[in-house]
Structures are given as C-alpha cells and as structure tokens.
Amino acid sequence: MLKKEETKLEIFGFGDEGEKEDKTDNFYCLVNTTKSPDGIDLKKLSMADPRKFDEVLNQMGCILLLRGDEVEELINRGDISDNDLHQSLYDLAVEEEIIS
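In the working numbering, the protein residues as written are 459 to 558.
Derived from the structure by calculation, the hints contain no laboratory data.
A few of these clues could be false.
[To be verified] Result set (DSBU-like, lysine-lysine): computed pairs, CA atoms no more than 35 Å apart in a straight line:
hint, residue 1, residue 2
1, 462, 502
2, 461, 501
3, 510, 493
4, 501, 466
[Unchecked claim] The following label-pair restraints were derived from C-beta to C-beta distances:
hint, residue 1, residue 2, range
5, 542, 507, 17 to 27 Å
6, 463, 553, 14 to 24 Å
7, 534, 471, 16 to 26 Å
8, 533, 507, 29 to 39 Å
9, 508, 539, 15 to 25 Å
10, 461, 539, 29 to 39 Å
11, 510, 534, 12 to 22 Å
12, 462, 509, 26 to 36 Å
13, 556, 495, 29 to 39 Å
Note that the coordinates shown come from a computational prediction; the quantities given were computed from them, not determined experimentally.
A virtual CB, placed ideally from N, CA and C, is assigned to each residue, including glycine.
Using the sequences plus the hints, can you model the full thing?
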C-alpha cells in the first residue's frame, strides 16, 4: 500500500486570465510521488485535450482530485479535517479504497 510519505497534496487554481481571485476554481490533488516526484505539471495539464484530461492526470500521478467546494463539503460533514488536509485526504483515499 502506498504510504502517506509517498504522497503530497497540491493545491492549484484554474480560471480565465484577468478574472478576480474569487472566480478561480481551486483544486486539491493528492499525488503519488513515486509515480511523479515533481507532482502535477500545470503547463502540460492546461494544454491537455479535455477528452484525455483524466488520463493525463493519471499519468502525472494524481490519486484523488477534488474541487474546493467538495473539500469544503467534506470538512462541513466532518469527513475530513482542515487541520491536516494532506493526512485527511490520504485517509479518505484509503477508506474509499482508492489507495489499497
């Protein structure tokens, strides 16, 4: 099983250039660092064919990708904690058998 130390949490935003900060969509990505030590290549990801977006993320080691509103909902429900978001998302991925 993949250990927490073999993962990292990356937080990045996507939005149209020139948009206000609050219009940017934030994403939380749990990354397998044994597969992709450098994490997510945002330049490559932004140029990916939308039909192959999931495939590109998988190639970059993405284990779990959540939007900011999904993370907020999980926090509000008590499913994860924002005190240690990396640990919480790792534990969620194990619990949901995404990491096994």
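Now for the hints, and whether the structure bears them out:
1. The suggested pairing of residue 462 with residue 502 holds, with an alpha-carbon distance near 25 Å, which does not exceed 35 Å.
2. Taking the CA atoms of residue 461 and residue 501, the gap is near 27 Å; set against the 35 Å cutoff, the hint holds.
3. Simply put, residue 510 and residue 493 have alpha-carbon atoms about 19 Å apart, close enough for the 35 Å limit, and the pair holds.
4. The suggested pairing of residue 501 with residue 466 holds, with an alpha-carbon distance near 19 Å, which does not exceed 35 Å.
5. For residue 542 and residue 507, the Cβ-Cβ distance of about 35 Å falls outside the hinted range of 17 to 27 Å, so the restraint is violated.
6. Here the CB-CB span from residue 463 to residue 553 is close to 18 Å, well matched to the stated 14 to 24 Å.
7. Range check, residue 534 to residue 471: about 21 Å between beta-carbon atoms, so the 16 to 26 Å window is met.
8. Checked against the hint of 29 to 39 Å, the C-beta distance between residue 533 and residue 507 comes to roughly 33 Å, which is consistent with it.
9. Between residue 508 and residue 539 the beta carbons are some 33 Å apart, a value that contradicts the proposed interval 15 to 25 Å.
10. The beta-carbon spacing between residue 461 and residue 539, approximately 19 Å, falls outside the hinted interval of 29 to 39 Å.
11. Taking 12 to 22 Å as the suggested C-beta distance range, the pair residue 510 and residue 534 does not conform, at roughly 33 Å.
12. Between residue 462 and residue 509 the Cβ separation comes to about 32 Å, which falls inside the hinted range of 26 to 36 Å.
13. Roughly 20 Å separates the CB atoms of residue 556 and residue 495, a value that falls outside the hinted 29 to 39 Å.
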